[in-house]
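Participant: Given next are the chains, with one letter for each unit.
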Amino acid sequence: MMNTGRSFVLLAAVLVLFGTNVFAENSLEQSGKGMKIWFDTGGPVGGTYNTIVQNGARQAAVDLGCEVAFMYSDWSPQKMVENFTKALSANPDGIVVMGHPGDDAYAPFIKEAVEKGIIVTAADTELPGLMEKYHTSGFGYTGVGNYARGQALASEAVNRFDLKKGSKALVWGLKSQPTRGLSSKALIETLEKAGLQVDYMEITPEIDKDASLGTPIITAYLSSNPDCALVITDHGALTAQLENFFRAAGIAPDAIIGAGFSLSPATASAIKSGYVDLVGDGQPYLQGYLPVLQIVLTKRFGFSGLEIETGGGFVHAANVDLIAPLAKKGLR
Amino acid sequence: MDTILKATSLNKSFGPIHALFDANLSINRGEVVALIGDNGAGKSTLIKILSGVFSPDSGSLQINGTAVNLRRYSVRKARSLGVETVYQERSLGEKQPLWRNVFVGRHLRNPLGFIRVKKEKEMTLAMLRNSIGLKGVGISADALVGTLSGGERQGLAISRAMHFNAGLTILDEPTTALAVGEVGRVLNFVRSIAEKGNSALFISHNLHHVHEVADRFVFVNRGTIVHQCTRAEMSVAALFDKLEQLSMAPLTPDEQR
Amino acid sequence: MNKDNMHALLSKYRFQCGILLLLLGLLGLFLYVSPQTFLHRRIYVAFMSTIPFPTLLALGLTLLIVAGELDLSFPSIMVISGLSFATVSQTTASPFLGLLAALVTGGLAGLINGVIVVLIGVPAIIATIGTQFFWRGASTLLADGLALNMTELRDTTFHHVMVGRLFDWIPMQTLWCLAVAVLFWFLLNRHIFGDDVRFIGDDINTARMMGIRTDGVRIGLFVLMGLVSALASVMVCLEMANWWPTQGEGYLLLVFAAIFLGGTSVFGGQGTISGTVIGSIIIGILEAGIISAGLSGYWTRLIHGLVIVISVSLYAMAFKSRRR
Chain Y
1 MMNTGRSFVL
11 LAAVLVLFGT
21 NVFAENSLEQ
31 SGKGMKIWFD
41 TGGPVGGTYN
51 TIVQNGARQA
61 AVDLGCEVAF
71 MYSDWSPQKM
81 VENFTKALSA
91 NPDGIVVMGH
101 PGDDAYAPFI
111 KEAVEKGIIV
121 TAADTELPGL
131 MEKYHTSGFG
141 YTGVGNYARG
151 QALASEAVNR
161 FDLKKGSKAL
171 VWGLKSQPTR
181 GLSSKALIET
191 LEKAGLQVDY
201 MEITPEIDKD
211 ASLGTPIITA
221 YLSSNPDCAL
231 VITDHGALTA
241 QLENFFRAAG
251 IAPDAIIGAG
261 FSLSPATASA
271 IKSGYVDLVG
281 DGQPYLQGYL
291 PVLQIVLTKR
301 FGFSGLEIET
311 GGGFVHAANV
321 DLIAPLAKKG
331 LR
Chain X
1 MDTILKATSL
11 NKSFGPIHAL
21 FDANLSINRG
31 EVVALIGDNG
41 AGKSTLIKIL
51 SGVFSPDSGS
61 LQINGTAVNL
71 RRYSVRKARS
81 LGVETVYQER
91 SLGEKQPLWR
101 NVFVGRHLRN
111 PLGFIRVKKE
121 KEMTLAMLRN
131 SIGLKGVGIS
141 ADALVGTLSG
151 GERQGLAISR
161 AMHFNAGLTI
171 LDEPTTALAV
181 GEVGRVLNFV
191 RSIAEKGNSA
201 LFISHNLHHV
211 HEVADRFVFV
221 NRGTIVHQCT
231 RAEMSVAALF
241 DKLEQLSMAP
251 LTPDEQR
Chain H
1 MNKDNMHALL
11 SKYRFQCGIL
21 LLLLGLLGLF
31 LYVSPQTFLH
41 RRIYVAFMST
51 IPFPTLLALG
61 LTLLIVAGEL
71 DLSFPSIMVI
81 SGLSFATVSQ
91 TTASPFLGLL
101 AALVTGGLAG
111 LINGVIVVLI
121 GVPAIIATIG
131 TQFFWRGAST
141 LLADGLALNM
151 TELRDTTFHH
161 VMVGRLFDWI
171 PMQTLWCLAV
181 AVLFWFLLNR
191 HIFGDDVRFI
201 GDDINTARMM
211 GIRTDGVRIG
221 LFVLMGLVSA
231 LASVMVCLEM
241 ANWWPTQGEG
251 YLLLVFAAIF
261 LGGTSVFGGQ
271 GTISGTVIGS
281 IIIGILEAGI
291 ISAGLSGYWT
301 RLIHGLVIVI
311 SVSLYAMAFK
321 SRRR
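Residue numbers (the working numbering), protein chains in the order written: chain Y, 1 to 332; chain X, 1 to 257; chain H, 1 to 324.
Excised from the complex, chain Y in its bound form (with noise of 0.2 Å):
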C-alpha cells in the first residue's frame, strides 16, 4: 500500500524533524543555568534523614545547572528562620525551606523574599496560609504532611495485615513534638478509628538520640503487653532497630507486626527477616529533587507554586530487593 510518494514526504517530515531538534538542541540549555538557590536541609549535618533530601537536590541540580548551597539547621524551627535570613541577605534566585517553624513565623520573611523577586517553596513540612499567600508567585509543596504519612502507615498496616477489632498496638514516637507529633497522633487516632486499643509511649531524648537504649523499655512492654499483635515506631532509627528490640524480647519473627518510617540499611535487612512487615516511605529524595526542579520552572516560567504528595511509598517483604540497594546509596 505504500507509495514512494508518501514515503518521501514521510521521509522529509523525518529529516525536518530531526533538523529542527539538532537546531533546537543547539540553542536549548540546562533550564536552571546560572541560577543559585539556598536549600535548608532541615537536619544536621549528616542526617540520615536529610542527607538523602540533599542527595536529591544536588541531583536536581547537576540535571539542571544550577547552583544549589546547603544549610542545616538541626531540626530546630528557631534555626530554620534563622538560616531563611541569611540566605535572603545572599539575595538568591531562589530558597527552599523546611515548614516546621509555621506560617507566623516565617510570614515576614517570606513576605520581604517574594517582594525581592526570590522564589520560595516549602518541602517535608506543610505552610498552607503562605502557601494560599504566594502559590501564584511560585511558593509550593513537596513532601509528606505529618498527619497524612501516619494516617497512610496506620490505615495501609490495618488493611495489609487485616487487624481485628479489639487487638492491641503499641505506638512508640514523639507525640510531644510539635508538628512532628501529628504523625503519632495520626497513628493513634486512625489505629482507635479501626477499633484497636492503642498504647502510647514517648521516644526519651535519650533513645531518640541511641537507639539502642530502647531494648529495656520495649522489652518491658511487650512483657507486660504479652497480648498486644502490632508496634509502629514513628521514628526512623528505632524501626531500623525493630528486629533487634524483638529478638532481645524474645519474639519470633512475623510474631508480632513491625511497621514505621524511612527504609535504612538495617531496616531493609530486618524486612527480609521478617521483623519489619510495613515501612512508610516519605520519598525524602523527591522532597529535594522537586523544589529545586520548581524553582527553576518557575523562575524561567512563571509557573505556580506545585503541591505534590511524595509520601505515597511503602516497603514490605514484595518490594525490599529492589529499593534497599538504593537505601544503601543514600537515594531511598
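No lab work stands behind these hints, which were simulated from the structure alone.
Note that the Cβ used here is the ideal one computed from N, Cα and C, for glycine as well.
A portion of the hints provided could be inaccurate.
If you anchor each label on the Cβ, the simulated ranges turn out as follows [claimed, not checked]:
(1) H:Asp168 <-> X:Thr147: 48 to 56 Å
(2) H:Val122 <-> X:Arg71: 27 to 35 Å
(3) X:Asn69 <-> H:Gly216: 15 to 23 Å
(4) H:Val122 <-> Y:Phe161: 55 to 63 Å
(5) Y:Glu115 <-> H:Ala316: 39 to 47 Å
Start from chain Y and add chains X and H according to the hints.
Facilitator: Relative to chain Y, chains X and H alone:
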C-alpha cells in the same frame, strides 16, 4: 665529715627578681637547723630547690657526700635520696585514708605490681600508735586525713618521713595555725627526728619555737645566707634582735642596682 | 572488737550499702507492681544487653572524675571509633582488625584530649566540648552522614565473643563489662596508678609535692577513656548491627547520672567502682520499670531526676556529718 646535705653557691632568678644569690648551706647528720628570715628573704626558694620543686640557675648540691645532677633533680629524685619535705598544706591528700597517705608514691607492692593493702594498713596503725600517739577510739588506717586535727596531720607527715628514714626532713612552717597544745607535740616530733640520728631543716616565723628545737640557726636575708650560729651562742631575745637588725639593714650597692 | 570491726566495715561501705539498698528496693517495687515483666528472665536479658554500654563508659569516666578531670567528648570518640571499626572491618572483612582500628582511633582521640588539657592547659570541660564537636563533625563528614549496615557481622565468631549470648541467654557484653569493672576496681584500689589518680583528684599540688608524675597519669586517663569509648562503640555497633552518626549522644547524661548516683564526688579524689556499676544499673532499669508499671514514658525523666537529686543530697548530708 658527717654532712647529710651540702649546697654550694645556689642562684635562682625569676625574671628580673634575683630570689637566691650565692647561697651556701650545709647540714650535719643528726642536726636540726632552723632557717630564719623575713618574708621574701628567699627561705622558700631555697627549700624548694633542696626538695626538687625548683631547679636552680647555677650552683651545686651534694647529698650524702654524692654530687646531685641538678638538671635531673625532681621531687621524686629528692625523695628517693632521702630528702623529704613536709609542707603545712600540701603534704597530705585530705580525702584519702591515712594508709594511702603514708605510702603514697612508695607503696609496698607484690610481684604483680599490686599494693599490699593489708600490710600497709598494719604498718600505718603501728605508726599511729607508736610515733604519733593517736590512740583515740575508732582511729583506724582507713580514717580520712580530713578528720585529723592540724597537729595530727603534721605528726603524720613527719612520722611518714621518719618511717621512710629520710636523711633530711624539711619542715615548712609546721607550727603555724596550730592550737597551743599541739605545737608542743609537733616540736617533739621534730626533736625525735634528730634523736634517731637524722636531720631536719626547720622553717618558722615563730622564733620561740625555733629556739626550742633547733641546734643551729641560719639567717637568710635578701636571697643569701648572712649569718649562722648555734643555739648555745644565742638566746631567744638575741634571735629577735638579729632578725630585726637584718631586715632594717640598708641595701648593699650590688642590690641597689 | 568484733563489733567494732563490723561497725567500721559498715560505716566504710555505707555509700555502697545505701545505693545497693536503693537498687534492691526499686527491683522489689517493680516486682510487686509488674510481676508479669520482672518475674521473667527476658527483661533481665534485655537489661544485660544494653546496660553494659553506658556502664563501660561510666567506669572510664569515674576514674577521670576521681582525678578531678572530665570528658564530655566520649560520645563523639565513640562515634569516630565506631566508624573506624565499621570501615576497617568492612574493607578487610576482619572485625578483629576493625576492633584494633577502633581502639587505636579511640586511644588517639583520648591522647589528643590529654595533650590539650594537660600539656596545653585548657580546662577539660572546654577542651572536650571542642573535641566533641570535632569528632562528631569528622565522622559525619567521613561517612557522608549515612548509617552503615553491619548485619553481615551477625554470624561471625567475633560477634559471638563480643556480644553473643552465652548458654543462649547471657549477653557476652555483660561479662566483658564485669571484667572491665573488676580490672578498674583493681586499678583504682590496688594499683599505684589508682593511688596517683586519687591524690591528683584530691589536690594536684599535693600530688606534685608527693612526687607523683601528674601529667603522665592524667594523659593516661584520657587515653584510657578513649579506649573504653572505642570498646563500647564496637560492642554497640555489633549489638545493633549498625553504625549511625548520632551514636553515643544519648549516653552523655545517663553516664554522668550513673556516676554521681554511685557516690563519686564531683570535686574529685573520691569515687567507687561498685557505686558506678550499681548506679548504672539503677539508671538503666528505671524506665523499663516505669513503662511496665503502665505509667507513660513521660514519668521517666521526672523519676530519674527525683532519684538523682535525693541520693546526691543524701550523700552531701552524710559527708558533712562526718567532718569535724
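Participant: Look at each hint and say if it fits the structure.
Facilitator: To see whether the hints hold, each was checked on the structure:
no. : hint                              : in the structure
1   : H:Asp168 <-> X:Thr147: 48 to 56 Å : 52 Å, holds
2   : H:Val122 <-> X:Arg71: 27 to 35 Å  : 29 Å, holds
3   : X:Asn69 <-> H:Gly216: 15 to 23 Å  : 21 Å, holds
4   : H:Val122 <-> Y:Phe161: 55 to 63 Å : 57 Å, holds
5   : Y:Glu115 <-> H:Ala316: 39 to 47 Å : 60 Å, violated
Of the numbered hints given earlier, the model fails hint 5 alone.
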